[in-house]
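Visitor: Taken in sequence, the protein lines are chains V and P. With the first sequence counted from 1, adding 14 to any position gets you this note's numbering. With the second sequence counted from 1, adding 2 to any position gets you this note's numbering.
Since the hints were made in silico from the structure, they are not lab data. Note that CB positions come from ideal geometry on N, CA and C, so glycine has one too. Wrong hints could be hidden among the right ones.
[To be verified] One side only, chain P facing chain V, incomplete, derived with CB under 8 Å:
1) R18
2) D195
3) L264
Given next are the chains, with one letter for each unit.
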Amino acid sequence: MSGSEGHRRPCPAPAASPPVLEARALAVTYPGGKEGLAPLDLAVAPGERLGIVGESGSGKSTLVRALAGLEPHARGEVRAGTLPVLDHRRESRRARARHLQMIFQDPYHSLNPRHSVRRILREAIAVREDPPRGDALEAEAADLLRSVRLDPALLHRKPHALSGGQRQRVSIARALAPQPAVLLCDEAVSALDVSTQGAIVRLLRALHEERGVALVFVSHDLPLVEYLCTRLIVLDHGKLVESGPTAEVCRQPRAEATRRLLRSVLLPPAEPVDGP
Amino acid sequence: MPARPPSSDAPSPAARLEGLGVTYEDTATPALDGLSLAVHPGEIHALVGESGSGKSTAGLAAIGLLPGEAVRVEGRVLLGDEVLPADAPERFAPLRGRKVAMVFQEPGTALHPAMRIGSQIAEAIHGGARGRAARRDRVAGLLRSVQLEPTPRLLRSFPHHLSGGMQQRVLIAMAMANQPLLLVADEPTTALDPTTQRDILDLIRDLARRERTGVLLVTHDLGIVHHYADELTVLRGGRTLEQGRTEEVLRAPAHPYTRELLAALPRPDFTAAPVAGGDSA
Chain V
15 MSGSEGHRRP CPAPAASPPV LEARALAVTY PGGKEGLAPL DLAVAPGERL GIVGESGSGK
75 STLVRALAGL EPHARGEVRA GTLPVLDHRR ESRRARARHL QMIFQDPYHS LNPRHSVRRI
135 LREAIAVRED PPRGDALEAE AADLLRSVRL DPALLHRKPH ALSGGQRQRV SIARALAPQP
195 AVLLCDEAVS ALDVSTQGAI VRLLRALHEE RGVALVFVSH DLPLVEYLCT RLIVLDHGKL
255 VESGPTAEVC RQPRAEATRR LLRSVLLPPA EPVDGP
Chain P
3 MPARPPSSDA PSPAARLEGL GVTYEDTATP ALDGLSLAVH PGEIHALVGE SGSGKSTAGL
63 AAIGLLPGEA VRVEGRVLLG DEVLPADAPE RFAPLRGRKV AMVFQEPGTA LHPAMRIGSQ
123 IAEAIHGGAR GRAARRDRVA GLLRSVQLEP TPRLLRSFPH HLSGGMQQRV LIAMAMANQP
183 LLLVADEPTT ALDPTTQRDI LDLIRDLARR ERTGVLLVTH DLGIVHHYAD ELTVLRGGRT
243 LEQGRTEEVL RAPAHPYTRE LLAALPRPDF TAAPVAGGDS A
């Protein structure tokens with residue numbers, strides 16, 4: 015493992031404004047002593063797009079779950095703005111939901127199958143400190159669907175009556191509903207068809223530009239991360255082995271794990287010529 | 003359909019699918035509609051499409067393993083001298099594991115969970131190796147052919163002791179044990195780590211070339227197709243949209259859908275200078 019020489023700059027974000035998400039000495043140790051994540055520091059600046067990459071078993075999903083407060087064996091400190099993430103009291107969780115939201119790999123299992131899209135969105139909007147009511151709430155739900163490029167006519171559908179891509183768009187709309195400062199995406203496109211994957215990453219990038227929401231995008235797909243993220247960290251066997259600006263890390267990788275990931279990339283030809 | 007003729011010096015195919023059509027229960031539209039293609043010895047023919055394209059149905063039809071819900075099945079499969087009606091699964095049964103073999107997406111579920119690796123491979127060998135010593139040598143040879151060292155420990159291990167990549171190697175060894183004419187590989191690396199993907203695909207390509215086996219590779223990934231397939235067929239909604247030599251089709255796709263698939267994912271060039279901005283449609 016290449017250890018610290020892989021770091022071009024300290025992992026805390028370069029920006030001067032206080033981070034929207036910050037981890038100090040964050041580690042995960044499972045009962046029995048197995049280490050899921052070695053202690054690491056990490057900060058995400060407002061509106062930043064950070065990629066987390068690694069092979070399976072590298073700890074990338076463990077890290078993002080710990081950042082979201084979903085990892086019961088996490089130690090250290092995680093702050094979403096001023097809110098402590100590793101505090102599992104009900105009130106803290108609610109406050110945190112206004113600041114930090116997560117999108118999962120499988121949209122089929124992350125939406126309540128018995129609720130309509132309308133109800134799913136209304137409940138997510140209600141998390142806001144001063145949520146709209148009545149007609150304003152209804153209008154807000156429709157607006158959220160439009161923002162993920164879906165027809166508000168789908169409000170009355172249930173998740174099973176949507177395609178995989180539509181379901182993931184609803185997941186994104188739900189995550190945006192509390193107006194969070196940061197969106198954590200755990201392999202959010204890897205279960206989707208190729209053309210849907212492309213549409214969703216382009217949507218995430220557009221939403222970032224429209225709303226200024228910070229993105230943490232976890233993936234094993236380096237080309238997608240390179241498109242979406244300006245900064246990148248690489249994990250290997252539960253350790254942070256490289257970090258830096260995405261373009262730099264992809265073109266001059268220092269850690270062996272990064273080189274392995276880059277070697278595994280199989281791209282189609284660059285540009286087809288016009289006309290048959 | 004803008005089909006292209008195969009290259010003129012192509013040898014006679016290892017396998018041929020002719021007019022395959024499959025309709026499942028409860029649906030009016032066929033899952034697969036009039037698919038014809040040839041797989042040449044030692045070559046990889048990719049069946050490309052998204053979910054619902056019919057590509058996995060075509061793979062199953064090629065080895066006579068269509069599920070019971072397939073109510074209307076048309077067409078035939080030619081394997082060497084054998085002509086197999088696609089709606090006669092009993093005709094495929096004696097050939098499976100011999101003239102035709104398959105590698106699936108989930109290696110973990112394709113191996114017997116309670117049988118040792120050595121025994122599973124030995125069971126896959128038909129004919130040839132008679133007697134214990136000859137069989138043991140053959141098993142060892144097959145493991146080496148997939149770059150696994152046939153240690154006593156590996157031979158005695160159970161599938162769950164192995165990584166996904168190792169399990170897939172074992173399955174490839176079993177599939178290739180009897181030098182099949184046709185190997186159907188349905189998304190063989192989708193469930194594996196990206197860094198294992200290349201090794202497994204290299205292995206399939208090299209073994210196919212060595213044994214003169216034709217490979218029908220079911221995939222959604224045009225990157226894989228570009229690097230590994232000699233020919234491809236693009237499917238959508240069960241219909242064949244385009245077919246031809248990979249290089250030609252990907253360089254100048256005739257069908258707009260193929261272009262769409264090629265442009266679907268933002269694909270940066272890792273070797274070029276960093277580009278600022280970019281589209282965000």
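Visitor: Tell me the numbers of any earlier hints that the structure contravenes, in ascending order.
Guide: 1
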